[in-house]
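> Sequence:
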Amino acid sequence: MKMGRTLLIRLSAVLVILILSVVLFFIGKSHTVLVDNKTVTVEGREIAPLKLVEVSVSKQGALELTPRDRDKFEVTGQKHRVTVTYTDDAWNERTITRSFTVPLMQDMVMVLVPALVAHPEGDQALWLENYEAPTYAVTMSESDEVVTDDMAGLITGI
151 MKMGRTLLIR LSAVLVILIL SVVLFFIGKS HTVLVDNKTV TVEGREIAPL
201 KLVEVSVSKQ GALELTPRDR DKFEVTGQKH RVTVTYTDDA WNERTITRSF
251 TVPLMQDMVM VLVPALVAHP EGDQALWLEN YEAPTYAVTM SESDEVVTDD
301 MAGLITGI
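Residues 151 to 308 in the working numbering are what the sequence shown spells out, letter by letter.
Calculated directly from the structure, the hints in this document are not laboratory data. None of the values given here were measured: they were computed from a predicted structure. Where is the CB? At the ideal position from N, CA and C, for every residue including glycine. Heads up, some of the hints might be wrong.
Derived lysine-lysine pairs resembling BS3-like cross-links, with alpha carbons at most 30 Å apart [what the hints assert, rightly or not]:
| no. | residue 1 | residue 2 |
| --- | --- | --- |
| 1 | Lys209 | Lys229 |
| 2 | Lys209 | Lys179 |
| 3 | Lys188 | Lys201 |
Okay, the calculated beta carbon distance ranges per label pair [to be verified]:
| no. | residue 1 | residue 2 | range |
| --- | --- | --- | --- |
| 4 | Thr182 | Ile159 | 48 to 56 Å |
| 5 | Ala283 | Gly211 | 19 to 27 Å |
| 6 | Thr189 | Pro284 | 41 to 49 Å |
| 7 | Ile169 | Glu196 | 42 to 50 Å |
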């Protein structure tokens, strides 16, 4: 009876630690949210960037973007809110606020600001896309010489 109770307490403690670890992983996972104010093509239609737009993500300070600007926010957690404030053609100030969820194992997402303004009630897939940082492959040509020792060229005829 005593062995069964001890085993039950130990298994319960391990289970509590595992659940706590998973919860902390979801809460503490950091992501980069890029905000982009460049010309974008959505559903075959080209959307021009806004002349001046103010964007904030998850209660962080707002950033001003002009055409062809891209900036980033470092955020933690899965659920976030993006707020876009701009002036329309009739000189009325407009504010759009949308919530989005960053996929679990995705490190970077990009908010396409012109697409969000053009489709404020549209599906999140229209204005939010996963972003993979470009990787540059460096290849050596056959004429490149590999120097493994900085002093190798100075020692001659010893």
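> Please name the hints from earlier in the document that this structure breaks, with their numbers sorted from lowest to highest.
4, 6
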